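A.B. asks: Going down the list, the sequences are from chains A and B. The first sequence begins at 272 in our numbering and counts up one residue at a time. The second sequence begins at 12 in our numbering and counts up one residue at a time.
Hints are computed from structural coordinates only; laboratory data are not their basis. Just so we're clear, the structure is a prediction, and the values are computed from it rather than from any experiment. A couple of the hints might just be wrong.
For lysine to aspartate or glutamate, the following DMTMM-like pairs were computed, each having C-alpha atoms within a straight-line distance of at most 25 Å [said to hold, decoys possible]: (1) B:Lys168 - A:Asp315; (2) B:Lys95 - A:Glu330; (3) A:Lys485 - B:Glu165; (4) A:Lys692 - A:Asp478; (5) A:Lys673 - B:Asp175; (6) B:Lys180 - A:Asp315; (7) B:Lys95 - A:Asp669; (8) B:Lys178 - A:Glu328; (9) B:Lys178 - A:Glu330; (10) B:Lys117 - A:Asp517; (11) B:Lys94 - A:Glu328; (12) B:Lys92 - A:Glu326; (13) B:Lys174 - A:Asp478; (14) B:Lys180 - A:Glu326; (15) B:Lys94 - B:Glu166; (16) A:Lys327 - B:Asp175; (17) B:Lys95 - A:Asp672; (18) B:Lys94 - B:Asp76; (19) B:Lys72 - A:Glu328.
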Amino acid sequence: MAAEPIRETRTDNMMLNMGPSHPAMHGVIRIVVELDGETVVSSDTEIGYLHRAFEKEAENATYNQVFPYTDRLNYVSPIINNVGYALAVEKLLGLEVTERCKYIRVLMSEISRVCDHLTCIGASAMELGAMSAFLYMIEAREFLWELVEQVTGARLTIAYCRVGGVKADLPENFEQEVATRFQKVREVLKDVDGLLTRNRIFIERMDGVGVISKEEAIDYSFTGPMLRGCGVPYDVRKANPYLVYDQVSFEVPTQTGCDNYSRYLVRMAEIVQSMRIVEQCFPKMPKGPINVDHAGNVMEPADMVDTAKIGKTHDLPLIQLELSPNLEGLEKKQHREVMAPDKGVVLPAKNDTYGNIEGLMNHFMLIMEGWGIQPPVGEVYQAVEGANGELGYYVVSDGMDKPYRVRVRPPCFAFVAGLHKMIDGGMIADVIPTFGSINMIAGELDR
Amino acid sequence: MSETTSVTPESTSSQPPAESLVLRKLRERFPDRVLETHTHRGDATAVVPRDAAHEIFRFLKEDEDLSFEMLTDLTAVDYLKMKKSPRFEVVYHLYSLTHNHRVRIKIPVTEAQPEVDSIVSFWSIANWYEREVWDMFGIRFRGHPDLRRILLYEEFKGHPLRKDYPKNKRQPLVTAKM
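So that you can see chain A by itself, here it is in the shape it has in the complex:
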């Protein structure tokens, strides 16, 4: 075979492995890129490193036991995952939750959304060298996580929703707490806006980078800030309003740049809108029974059991029980406000479980294996607007106490599937801001 004369310098493409554990990766994921110099020729994304068999586990748990698993999907905004799953099961049951509970779910979802956007913007900025913006954002997130902690008792793995309600009512003075913390968050946002939005380095790294056309974004079923950054005002909260989203006013911010900078602007605007929703919830929310009158009827559960043992049971259901501080927010009166009035689904108030035999039996009927919540045979798909986009739950029931099939439609699965469209042909250094702007959360991507 005759050798061809060499006309120019021959170069070989280089294969580069980014991940599975790379400092600039927001989770375990592997991107194999083929490089010609610094230009990405092609890329292949490999996922599944955080696969925890969520869907299989959910088939082996009762309906309420699935909630802790959903916390671990998008672990930056776990409440939205809780709400989505709860709504899906309630749709299956045909159950309507109380008005106050709807407002609490909306309010907590929006606080989570703000946390998620703060993390996403902060982390993307840090990867471009803006360390201070990251620290400011994380400080603001901390203020909000303290709010979440006050309500749910935990910061990340909150397991706050229940089928038919929420675990506990809001604590006292919550409205003032929110107001003070939002004030701080707004100051941080102003600072970060000043640091980033017109920052030349930030703009040059973000503007016109990671571009995907509107048509391609729809083809890859992008949702959330990624799609709204392409100028499509699709938001599940507006398109198919759930809970009380049709009773609060908010805007759906869009940008038409289809690039990382547009997504940044959309997220910044959404934080403002989410805080607006939270503030509207308080005056509209039906007032909960924050002031419970104990009028000399408070009794320790142990004393109550002793009284009952000697046969004095006639006025026990009337007595106010002093509950453990762990159960704060779920006293009998508050239970009525935040839980749907359906004995076949909702556990009775702890005052009843500990205080009278009917409550105890009701509790056992729901907890015992093979009894529990048994939705009729059927299937539903329920979508909510997660922080990243449409979060869908497809739940199939066979009439037993465990879901027959739970399928999650994670919003960032679509983004990672379309990642190659955004990074191929660009520079290797642009992979990082693009990857940051899609806000991949491995927990929901790999399930």
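Using the hints provided, position chain B relative to the given structure of chain A.
C.D. replies: Only chain B this time, still in chain A's reference frame:
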């Protein structure tokens, strides 16, 4: 399929208008292909046979009154324990941005021949969704450009979301290829 309502004018009268439009148009266009339609809790569903899938999806995407631009979700269900026949159903959730309506399409798939046609040519996202269904259920997609496992690794034995796959089954350790 006793829990579903049959295709009669009465059963569709209570549906919201947008949804009944989708199902009505589907039945008008494919009177002898659509096996069954029903609406449960507001979700419009149509069951279609495997060999009609491509023309039905093309119609759903391209018809102006329907224009389902978005394949929201694609998954499957193994009905082994519910004793339903055939064993599998591939489930598609479509959404139309233009008309703001949704529809669920289901394709029954037998255990003996777990195969459906790939719809990557209609919606690019189907590429990864179909890989996941292959990975988890072992349902093959004819014409798929790159049908590899996606969440699990190639050496994995079996398909874990099948109902006869034991939850606690251990997999052999994979040694590195030299």
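A.B. asks: A separate judgement is required for each hint: does it hold in the structure or not?
C.D. replies: Taking the hints in turn, this is what the structure says about them:
1. B:Lys168 - A:Asp315: holds, 24 Å
2. B:Lys95 - A:Glu330: holds, 17 Å
3. A:Lys485 - B:Glu165: Judged against 25 Å, a Cα distance of about 34 Å means the pair is violated.
4. A:Lys692 - A:Asp478: holds, 16 Å
5. A:Lys673 - B:Asp175: Between lysine 673 of chain A and aspartate 175 of chain B the Cα gap is close to 17 Å, so the pair holds against 25 Å.
6. B:Lys180 - A:Asp315: violated, 30 Å
7. B:Lys95 - A:Asp669: Between lysine 95 of chain B and aspartate 669 of chain A the Cα gap is close to 11 Å, so the pair holds against 25 Å.
8. B:Lys178 - A:Glu328: holds, 8 Å
9. B:Lys178 - A:Glu330: holds, 10 Å
10. B:Lys117 - A:Asp517: Distance ~31 Å between lysine 117 of chain B and aspartate 517 of chain A Cα, so the pair is violated.
11. B:Lys94 - A:Glu328: holds, 21 Å
12. B:Lys92 - A:Glu326: holds, 16 Å
13. B:Lys174 - A:Asp478: Roughly 48 Å between the alpha carbons, so the hint for lysine 174 of chain B and aspartate 478 of chain A is violated.
14. B:Lys180 - A:Glu326: Holds - the C-alpha atoms of glutamate 326 of chain A and lysine 180 of chain B are around 16 Å apart, at most 25 Å.
15. B:Lys94 - B:Glu166: violated, 30 Å
16. A:Lys327 - B:Asp175: Satisfied, since the Cα-Cα distance of roughly 12 Å is no more than 25 Å.
17. B:Lys95 - A:Asp672: Answer holds: lysine 95 of chain B to aspartate 672 of chain A is near 19 Å, not above 25 Å.
18. B:Lys94 - B:Asp76: Given pair lysine 94 of chain B, aspartate 76 of chain B is violated - Cα atoms ~37 Å apart, limit 25 Å.
19. B:Lys72 - A:Glu328: Between lysine 72 of chain B and glutamate 328 of chain A the Cα gap is close to 35 Å, so the pair fails against 25 Å, i.e. violated.
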